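Asks: Here the protein sequences come in this chain order: G and X.
Numbering-wise, the first sequence is residues 22 to 313 according to my numbering.
Numbering-wise, the second sequence is residues 22 to 313 according to my numbering.
It should be emphasised that the hints constitute simulated quantities derived from the structure, not laboratory data.
On a predicted model such as this, the values are computed, not experimentally measured, just so you know.
Heads up, a few of these hints could be off.
Which copy is meant is left open, because identical chains are indistinguishable; a pair holds if it fits in one copy or across any two.
What the hints assert, rightly or not - Straight-line Cα separation of at most 30 Å, DSS-like style, residue types lysine-lysine; simulated pairs:
hint, residue 1, residue 2
1, Lys149, Lys287
2, Lys106, Lys65
3, Lys242, Lys271
4, Lys268, Lys242
5, Lys27, Lys149
6, Lys242, Lys287
7, Lys287, Lys106
8, Lys149, Lys242
9, Lys287, Lys271
10, Lys65, Lys268
11, Lys271, Lys46
12, Lys268, Lys149
13, Lys287, Lys268
2 protein chains.
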Amino acid sequence: MIKFDKITIIGVGLIGGSFAKGLKKAGLVEEVVGFGRSQSNLKKAVDLEVIDRFTDDIADAVSGSELVFLAVPLGVMADSFEAIKPHLAKNAIVTDAGSSKSSVVLSAQQALAEKFSCFVPGHPIAGKEQSGVEAADEALYVNHRVILTPIEQTNQTALTIVEEIWSLLGANVEQMAPQQHDEIFAATSHLPHLLAFGLVEMLHEHPELGNVFHYTAGGFKDFTRIASSDAEMWRDIAVYNSDAIVKWLKNYGVAIQQLAELVENKDAEALYNLFSEAKQARDEHILQIQQN
Amino acid sequence: MIKFDKITIIGVGLIGGSFAKGLKKAGLVEEVVGFGRSQSNLKKAVDLEVIDRFTDDIADAVSGSELVFLAVPLGVMADSFEAIKPHLAKNAIVTDAGSSKSSVVLSAQQALAEKFSCFVPGHPIAGKEQSGVEAADEALYVNHRVILTPIEQTNQTALTIVEEIWSLLGANVEQMAPQQHDEIFAATSHLPHLLAFGLVEMLHEHPELGNVFHYTAGGFKDFTRIASSDAEMWRDIAVYNSDAIVKWLKNYGVAIQQLAELVENKDAEALYNLFSEAKQARDEHILQIQQN
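Using the sequences provided together with the hints, build the complete structure.
Replies: Below is the structure:
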């Protein structure tokens with residue numbers, strides 16, 4: 022049975038906070054120490070009993086900690102690895118929740134150097150409409166997928182322990198290579214987000230349509246929900262998973278060009294086939310989700 | 022006060038059925054006659070008290086009717102106008118619920134000829150996840166927008182009466198030119214639907230990603246919800262509003278190309294500005310909807 026005397030959460034928001042809360046509720050940890058950019062947020066986290074205490078001294082936060090969880094924006098991952106490195110205990114395990122994995126693995130290699138093997142790259146596929154530590158929820162990860170992307174140098178024991186922690190939080194843990202992760206999530210998550218941002222921005226920039234949003238209905242609202250996501254987080258994802266995203270944006274551009282040709286030619290049969298194939302694929306996919 | 026002895030619903034599904042049910046519940050009509058492709062569907066509509074009776078004789082359906090409501094796919098609008106024309110009573114009003122308006126106005130002009138002025142083109146912006154007469158709901162149009170797109174030849178009295186009917190059903194009625202309607206809905210409704218179908222189809226066609234849908238989360242589910250829409254209806258919309266849709270697909274293609282360049286150049290500042298502008302536009306838009 023896993024049991025920690027001290028763990029450290031770097032970045033105590035929805036993701037870090039839910040992780041901490043889950044471990045505390047499960048009685049798996051004696052002390053959770055929070056570290057982050059905002060003192061008022063960390064105070065709130067203590068008030069909400071998400072963490073036990075916080076500090077603005079990274080040495081204090083990390084020293085003696087058996088598990089360091091990085092739930093910070095991709096843009097500050099590299100700095101975070103550098104900051105924690107000198108204070109990492111001999112047997113400390115480091116893991117993260119970044120939505121792009123190749124870039125995080127690379128930063129960790131560069132910053133952690135000889136200590137790199139203690140790092141287990143991870144990505145919990147969970148979220149909520151609300152963000153911030155107020156929304157932290159010990160059940161956030163229950164029945165959600167967590168992708169771990171170890172590489173050859175990753176310590177096997179560290180990997181097993183991180184896997185076990187996520188399982189104890191109720192998650193379904195899978196493993197794949199960082200590049201495969203980035204490719205899949207560029208297609209299924211990053212691309213749709215960029216497409217939604219792009220659509221809203223385009224309509225916003227065509228004032229000749231009048232107050233175009235006035236005429237939108239439920240379909241538009243659903244389609245663009247993800248365009249209300251955090252701009253900073255998505256800027257970082259676009260920058261740190263740039264290669265895979267560009268590839269899928271370009272693939273999509275070609276698909277849209279082909280679709281425009283079918284519409285221009287009023288090719289009713291090809292359009293019907295495309296729409297019904299897509300509908301069937303999505304309906305089956307939703308059915309699978311509901312059965313799981 | 023409007024009061025009809027007989028009205029005719031051509032196409033008794035969610036839209037036609039909800040219209041009929043609303044008028045019956047409001048006591049505005051003595052007899053609602055249904056006409057449509059499927060006898061079993063029409064029988065169901067009688068059982069559900071959505072219509073009073075049905076017939077497979079278009080002369081019987083339309084003769085003496087004061088209001089004929091066409092709630093059929095765009096692909097059968099032209100044939101429907103031709104079928105009803107010989108039987109239209111002198112003072113009959115014809116209106117429709119087609120999602121594209123220029124094409125419907127053109128079919129009506131061609132088929133109704135000298136009787137064209139009795140036709141009031143309309144588009145109720147309402148729907149549900151469920152379709153079919155089983156989902157018919159007298160409150161479907163309450164607080165929903167209905168766009169009427171009369172042209173110069175449209176009879177003013179007919180227009181006023183159709184406007185009043187929709188208001189009595191609780192809808193907010195607006196008027197605009199058919200071309201403006203088609204332009205706006207190509208951008209805000211038809212484009213997002215085609216984008217969602219296009220994304221699901223593209224992912225479905227890339228088996229090298231593995232079971233890619235396996236890794237999707239809530240954002241993807243929302244974004245692609247409209248890809249589970251009826252393929253026949255969307256084929257018709259794509260064909261009958263082809264010009265405006267092609268224009269917006271191409272505009273969007275350019276926007277996506279520009280976005281791909283920003284991602285390729287890792288232009289963090291421009292990406293942040295684009296995402297936060299889009300987020301702000303959508304958040305304001307949702308706020309407006311909630312306040313209405």
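Asks: Of the numbered hints stated previously, which ones are contradicted by the structure, given in increasing order?
Replies: Hints 10 and 11 are the ones this structure does not satisfy, whereas the remaining hints hold.
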